[in-house]
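J.: Protein chains in written order, with my numbering: chain U, 1 to 437; chain A, 1 to 437; chain B, 1 to 437; chain P, 1 to 437.
No lab work stands behind these hints, which were simulated from the structure alone. All figures in this text were calculated on a predicted structure; none of them were measured in a lab. A portion of the hints provided could be inaccurate.
Pairs involving identical chains hold if they fit within one copy or between any two copies, as the list cannot separate such chains.
[Stated by the list, open to error] Quick list of in silico lysine-lysine cross-link-like pairs, DSS-like style, CA-CA up to 30 Å: (1) 373 x 37; (2) 30 x 342; (3) 342 x 81; (4) 81 x 417; (5) 417 x 223.
Protein chains: 4
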Amino acid sequence: MSADYFSDFSTVRYEGPDSDSDFAYRFYDKDREVLGKRMEDHLRFAVCMWHTFSWPGSDVFGAGTFDRPWLNGPNDAAAAKAKREAGLSFVEKLDLPFYCFHDVDVMADADEIGAFRDSFAEAVDHLEELQEQHGRTLLWGTANLFSHPRYMAGAATNPDPEVYAWAASQVRDALEATHRLGGANYVLWGGREGYDTILNTEIGTEMDNFGRFLSLVVDYKHKIGFEGTILIEPKPHEPTKHQYDFDTQSVFAFLKRYGLENEVKVNIEANHATLAGHAFEHELAMARALGILGSVDANRGDPQNGWDTDQFPNSVEEWTLAMLEFLRADGFTTGGFNFDAKVRRQSIDAADLFHGHIGGVDTIARGLLRAAKLIEDGRLEDFRSQRYAGWDGELGRMIHADGTGLADIADHAVSNKLAPERRSGRQEWCENLLNRA
Amino acid sequence: MSADYFSDFSTVRYEGPDSDSDFAYRFYDKDREVLGKRMEDHLRFAVCMWHTFSWPGSDVFGAGTFDRPWLNGPNDAAAAKAKREAGLSFVEKLDLPFYCFHDVDVMADADEIGAFRDSFAEAVDHLEELQEQHGRTLLWGTANLFSHPRYMAGAATNPDPEVYAWAASQVRDALEATHRLGGANYVLWGGREGYDTILNTEIGTEMDNFGRFLSLVVDYKHKIGFEGTILIEPKPHEPTKHQYDFDTQSVFAFLKRYGLENEVKVNIEANHATLAGHAFEHELAMARALGILGSVDANRGDPQNGWDTDQFPNSVEEWTLAMLEFLRADGFTTGGFNFDAKVRRQSIDAADLFHGHIGGVDTIARGLLRAAKLIEDGRLEDFRSQRYAGWDGELGRMIHADGTGLADIADHAVSNKLAPERRSGRQEWCENLLNRA
Amino acid sequence: MSADYFSDFSTVRYEGPDSDSDFAYRFYDKDREVLGKRMEDHLRFAVCMWHTFSWPGSDVFGAGTFDRPWLNGPNDAAAAKAKREAGLSFVEKLDLPFYCFHDVDVMADADEIGAFRDSFAEAVDHLEELQEQHGRTLLWGTANLFSHPRYMAGAATNPDPEVYAWAASQVRDALEATHRLGGANYVLWGGREGYDTILNTEIGTEMDNFGRFLSLVVDYKHKIGFEGTILIEPKPHEPTKHQYDFDTQSVFAFLKRYGLENEVKVNIEANHATLAGHAFEHELAMARALGILGSVDANRGDPQNGWDTDQFPNSVEEWTLAMLEFLRADGFTTGGFNFDAKVRRQSIDAADLFHGHIGGVDTIARGLLRAAKLIEDGRLEDFRSQRYAGWDGELGRMIHADGTGLADIADHAVSNKLAPERRSGRQEWCENLLNRA
Amino acid sequence: MSADYFSDFSTVRYEGPDSDSDFAYRFYDKDREVLGKRMEDHLRFAVCMWHTFSWPGSDVFGAGTFDRPWLNGPNDAAAAKAKREAGLSFVEKLDLPFYCFHDVDVMADADEIGAFRDSFAEAVDHLEELQEQHGRTLLWGTANLFSHPRYMAGAATNPDPEVYAWAASQVRDALEATHRLGGANYVLWGGREGYDTILNTEIGTEMDNFGRFLSLVVDYKHKIGFEGTILIEPKPHEPTKHQYDFDTQSVFAFLKRYGLENEVKVNIEANHATLAGHAFEHELAMARALGILGSVDANRGDPQNGWDTDQFPNSVEEWTLAMLEFLRADGFTTGGFNFDAKVRRQSIDAADLFHGHIGGVDTIARGLLRAAKLIEDGRLEDFRSQRYAGWDGELGRMIHADGTGLADIADHAVSNKLAPERRSGRQEWCENLLNRA
C-alpha cells in the first residue's frame, strides 16, 4: 500500500541549473567527475528512516501532523512493513544510493526481549529483499538505545548493568544485521550517554562503562568479520543536560583514553556541531587533523534556536566551507552524507519530502562544486601554505629537530634580536575568494 | 607612593557572619578546620596582577576610568615599580597567601628583546624583595604571549617561527622567574592559540607546533629543577573565533596526543567553562575524572552575556556545586583559587577592590562549608553510590571481567529475559538537599 | 481511584529550617507576616495541571516514563475525571491555595467541535465540585491553542480564519469557565503565535489579526462581567522559530499598538525570560516600570541548555533578586506564582512530585524573606536612591521642566564648564549586601 | 600626508562577475536599474569613520596592530586632520556616495567642554571643504556619548544630570553639524544606555530620562529646520549587561510610550539583531510592519561568538533574505547601508580596507539582485499571499468587521462545525526557490 504513496512522483533526475521543475536536481549530476571522482562516489547520499519515515510531525507542544499510511503506532507489524516498503521506494525515487536506520525505525516495537529480537529479525529479512528489489544499500545501521523508558538514564552509561546488558543485545543484533545487509558502517549514537544532573552522577564510572562497551563492540565487529567502520556521533546535549561525546575533540579524548583511536571514527552532524559552539567546518577540520573523519549527518540548525532542529541543509555558503575541508581530507572511505533531517511539522505533503531532499542534495552538490573550483583555482590554498612557509625554513626545522631545547630556541631569538615582521592575515580577501567561486 | 594607596584600609580579618563591617570576612576563617584541613590550606587564594593592578578600567567602547597612581602607560619603569609595591601590599591587606602574574604585568614593557629581558629581570629582583617584606608568595607565573602585536596570530601556533622563538624566550624567562620566586605552578595560557578564520589556517600544523612547544616547556621545567605543576587553561574563544584548548576534554585530547597527560594539568576558569557551554562544576568533575585537575581561576561570567566578563564570584550556590567536586577530588596539591576577576568599570574606588575580593573569598568559603556539610551529612553521597551499586554485583563484575565479550552480555540479557526496573533519579530531592546545606 | 495515588502522603506543613522531614516546608510559613502581609497572600502559589498531571514523562527522544493511573491517552473520559480528582487532591496535600489549567488538561479531548465543548462542560462541572470539596480555587484558566494539529500554523495568527474561529470558540468557553470557577485571571498563551519561516509569513497581517483577537477577548471579558485580569505570557521561541510575544517590552509594544496597555498585563515565566536573553529579575523590573506586571510562572531553565526545560525553581539567589523587584512593585493584585514546572523525566515516583513542589515553594519563600530583609535593612535601597538624587536637584528639575529645550540644557553645561565627577557604582558592594541577607 | 596612504589604489569600478581584479566590483553596478531604481539609489552605501579610520586594531586582549599615519592618539589635531582627509579620499576611491561619523571620530578630543566644542567646530569646517572636494556627503552624524569616562554610567540614562547636560551639548553640536553638512539622518546610539547591574539601577527613572532626551532632540531638530530622520539603533547588550533599546520591538515600545513613533525610526544593525536572538531579516520585517524602518548598519557577527564582532558582510544568502524585506518595504527614504564593520585585527594592510568594503558592497548588491529576481519571478510572493487569502473572504471580513464580537466568531465555528483543512507551509520549497534565485 505505502509504496504507492509516492506513485504520483517520477524518479528525480539531473536537469541542470535552468530546469523549471521542482522535482529535478540542478547541480547533483551523479556521473559528473569532480577532481577525478564521480559526484555520486564523492557524496554517497543516504536517506534516514527515522525523521523521514518514523516521525509523525509531533513536537514538544503538539501531536503529529502527518497523514502517512504507515504511521499507525510503533507496535503494528503491518505498518512497519509498509514503512520499510515506502522507505526503500522513496530512496529509489530520489535515485540516491543509500539509506540508514535504527533497529526500532524498521520494525514493530516490543517490550519483551525475545519478541523484540524476533520482530527485528523479520524486519531484516524483509529489508534484504527490498534492497535487492530497489537496488539500494545500507550506509549504516544503529540501535536505538534512548527512546524506550528503560534507557531514561542512558544505555552504556546507565547506573543499572541490566540496562547495559539490554543495550548489548540490541547492538549485537543491529551490528549483525548491518553486516548482513552490506552496511558500510555501524554508528553508536549516544542519545542519552550523559547526565541530567551531576548531583546523582559519577561521570568517571559512567565513562569507564562506556569505554568498556565501545571496546566490546569493536572486538565483536572483528569477531564477526564486519569490515565497515565503527562511528561515534558527537552531540553536546539534548535530551540530556550534558552528553559525554560533546564534540570531535571530546570523542578523540575518549578514544585515546580507551585505546580506540585507530578503531573508531566520528560521524559529524552539522546541527550538533553548532549546538556545541563550533562551526560545522571546524568539526570537519578537527576530525581531519585528528585522523578520525568518518561520515557526516547532513542537516542544519537554526542560528536563533538552541535545540536540535534537524532542518534540511540549505546554505551553499556553509557547505562550501564544509566541502573544502572534506576535499582536503580526500573525502570519505566508507562514510557518506546521511540526511538526518526532517521536513518541518507544517510540511505535511508527500511533495515536501521531495523538496527537502532535493534541496539538500543540490545544496551539498553546489558546495562540492564551489570547493573544487577553489582548490583548482589554487589561490586560497597557496596563500594558506605560504603563511606557514617559515616552518620549512631553517628556524622552523631547528625548532622541530631532535635535541633542540626551549633554551636553544630562546637563545636564537635573543642573539638575533628577533623582531618579527607582521603580515596581514587577509581574512576579507579570503572571504571574497570564497564568494567568487 | 602607591603602597600608600591602601593606607586607609586595615588588614581584613575574620569577624564571623554577624559582623557589621564591609571590610571583614564573615565565612573565611583561615585557621578553621574543614574535613581535616585548615581553610587557608584548602583554598590557597591568590590575587592577580593583571585585572586588579594593570587594567585601567577600559573596555571595547571606552577608555580607562580608574585613577590609580601606578597606571602611567605600560613603558614607565617607576610606575611598574609602584604597581608591584601596591600589589604585594594589597595581598597582605587581604591576608591572602598568594599572588599571580604575567611577565608584562609587573614590568615596564619594551619592544626590543634585550631591553624586555632586562626590564623583566629587574622586576623579578624587586618581587623577591617584596615577597619577603610582605610575607606573600607566588601561586603561579606566566608569560603574556597575546597582547603585543607580534602575537596577533598566536604564539606557539603562529605561522611565523620567529614569533614562536620570541615566545620561547619569554616563557624561558618567566619559568625561571617562577622557579626563583618559589612559585607553586607555571601556567601556559593560550590567549591567541586558535584562529580568527579557518580559511587561512591549517589547524593540524598549528596543533603540532603547539604540542612541540608544550613538550619543550616540560623538558625545560625538569632541566632547571622546577617542581611545580605545568598548567594549561582551557578557553573556547575570545579574542579568537576558536581556541584549541576549548575545554577540559579538548585539553586532555591534546595532552594524550602528545604524551603529556602525566605532566600537565588544567587551570579551570569558571567563566571559560560557561562560555564553552559547560557548568563550572562539570569542568571540575571532568578534570577529576581525567586526573588532570590542577588549579582554578575563580571568577564568573554573566549568564546573559556572551563574552568573558571576569566578574568576582558571588554565587554561593554555584560554588557549593563546585566545592563538592573539589572535595571529592581531595582538593589541590599545588593549585589554588586565583581571583582572575576584575571589579566593574564603574567600581572606581580603592574600596571596590576590597569589596570584590572579600565577596569572592566569602562566597568560595561558604561554598566549601556547605559542600563539607553535604559530605558529612552523607545522604547525597550515599544515594549517588547506591545508584551504581549494581556495578559491584554479579552482572556488573561479569561485564568488566577479562574474557567477557559483547555476546556474553547480550546472551545474559536474552536468557534472563531482562526487563530492568526503573528507579527514580530523584533530581529534585538532590537539589533540595543542596539547598538545605 | 487516582486520588488514592497520594494516600501515602500527609499534608505538607511548615516545620521550620531544622525539620528532618523531606515532606515539610522549612521556610514557607503561610501565616507569617512579611512586610505587613501573610506569606500565603504574598505568594498565592498554584499547581499546574499540564506538566504535573498531563505530561507522561516523554521528550523529543523518548516515550513517557511515568506510571500514573490517570494517564490513559487524551481521549479517555474516565482517565480525565481521575486526573481532575488527583489534581485537586494534590493541591490540598501541598496546602497551596490555587491551581491552573488549559481546557484540554482537564478533559477528554475530541476533534469535533460540539463533542469538544460537551466534554469541556462536563469537566468544568466536576471541577466546580472538586474546588468546593478540597477548598482550592483557580488562579487562572486558559485554552490550549497549540497542541492540536489544526493549530500547527498558530491560532490567532493562523493564515486560515477558520482556525481563528475555532480558537475563538475555545477561548469563549475557557473564559466563561474561568469566570464560573472564580478564577482570578485568564491567560492567553501564544504557543504558536509566531512563525517557523519568515519566507511564508506576513508578520504585519499576523500581528493585526492577533491584536484583533486580543481586543475581542477583552470586550468579551467585560461583557460577561469577568473581573479578573487578562494576561499574556511572553516567550521568544520554541516551538516556533520566533514568537511575536518575545519578551515584556515586545508585549508592551503590542499592547500600546492596539490600545490595550490598560487592559492586559504580562504573566512572566522565568525560563522564557532567560531564553529571551534577559535575567528573570529584569523582566519583572521592566514589567514594573511599564505598569504591566500581572503574574508569574515559576520555574527555571538550565543555563547550558537552549530550550524550555521548565525545571522547578531551586536558586534562592535568583529568587532573591526576583522578589526584590516583586516587593518594589508591591506584589500582585490578582496574580500569583504558578509552578509551570515539571519534575525530570527520571523522577518517576509520586514522592518526586512532592520534592519538586516543596523545593520550589521553599526557594521562593526564602527569596521573599531575603528580599524583605534587604528592604528593611535599607542600605541597598538608600544607595540606589542616592545615585539618582541629582534628579531632585536644580538641574534635574530644570531638565524636566516645561519649556526647557535641548539648547537650554546644553548652554547650562557650557556656561558652567561642567566636568561631572565620577562616582563609584559599587556593584561588588551591592552584591555583597545581597549575599549577607 | 594621509590622503597619500591610498595613492597606490585606483578608484574601484564595476567590472562584472568575470573580472580578475581584487579591486573591482563584480555585482555593484551603480547605474544598473533594479525594479525601477538605480542600484546606487537603492543602496546608498556609506563608509564609517570609527572602525575604518579611528580604531587602531586593538582588542580586549591586545594593543593596536595597524600602522596608519593618522593614528597618533586621540588628542592630536594634525592627526585628526589627516584622518579626515584619508577618510574622504577613501570614500571617493570606493566610489561610494556617503560617510558617517561620531563627533570624536573626526576631531582632536578634549576634556574641557569649551575646548571640545572648538575642536569639533574646526573639524566640521574642514569636513565641509572635504565633502566639496571629494564630491561625497554625509549619510548621518552622531555624537559619541559612551567612550569618555564621564559616560561610564550612560549619557541620557546617567544617574547624574550633569552628565546628561554634557550629552545635550554634544548632541546639539553634532545635530547642527549634521544639518550643516547636508546629512540625511541623525543617529542616537545608546552605547551605554542600560545597566551593568540592576542592583544599583532604577530602570523606570532611566527610561523616563531617556524619553525626555529623545523628545528634546526631536524638538530641536524641528527648531533648526533639520529635515533628516532621527534614528535610534537597537542593541541588546555590550558593553552594558543590558541596553534598553534591546531590539526593534523594544524601541517601538519606547517610542509609543513617549509619543515619538512618528518622529523616530530605527537604524538596524545586522550584528545587533543576531546578538538579540533575532535573524537580521526578522528585524527588518518587524521594522517594516511597525512602520519604523529607517536605515541599516551593514555588518555581520560570528555565529559562534557572543559579542559584537562587526565583520564585513559576506553572506549573500543572509542578504538575499534581508533584501527581500527591504524591497517589500520599498527601500529607504533617507536611510542607507552604512558599513559599521571593521577589518580583522590581522588585516593590517591598506589593501585589506579595500577587500573588506568591496566584498561587503558586492555581497549586498548580489542580495539585492537575487531578491529582485525572486520578486519578479513572483512564485514566492504569490504563495505567501495565497496563504492569507482567507482574510479577504467572508469569514475573514466578518472577523474584522465593526460590531463583530468574540461570541459571533465562536458561534460561527460551532454552528458550521468547522474542521479546518490543514495546508502545507511548504518551507523547504520556499527555501529551494530562494537558492535558485
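J.: Each of the hints needs a verdict: does it hold here or not?
T.: Here is how each hint holds up against the structure:
1. Proximity of residue 373 to residue 37 under the C-alpha cut-off of 30 Å is restricted to the intra-copy arrangement: shortest distance 14 Å within a copy versus 34 Å between copies.
2. Proximity of residue 30 and residue 342 under a CA criterion of 30 Å is satisfied intra-copy only: 23 Å inside one chain copy versus 42 Å between copies.
3. Taking the shortest Cα distances, residue 342 and residue 81 sit within 30 Å of each other inside one copy (21 Å), while across copies they are farther apart (37 Å).
4. Taking CA atoms no more than 30 Å apart as the test, residue 81 paired with residue 417 passes between copies only; the shortest distance there is 26 Å, against 76 Å inside one copy.
5. In this assembly of identical chains, residue 417 and residue 223 lie within 30 Å of each other by CA distance solely across copies; the values are 25 Å between and 61 Å within a copy.
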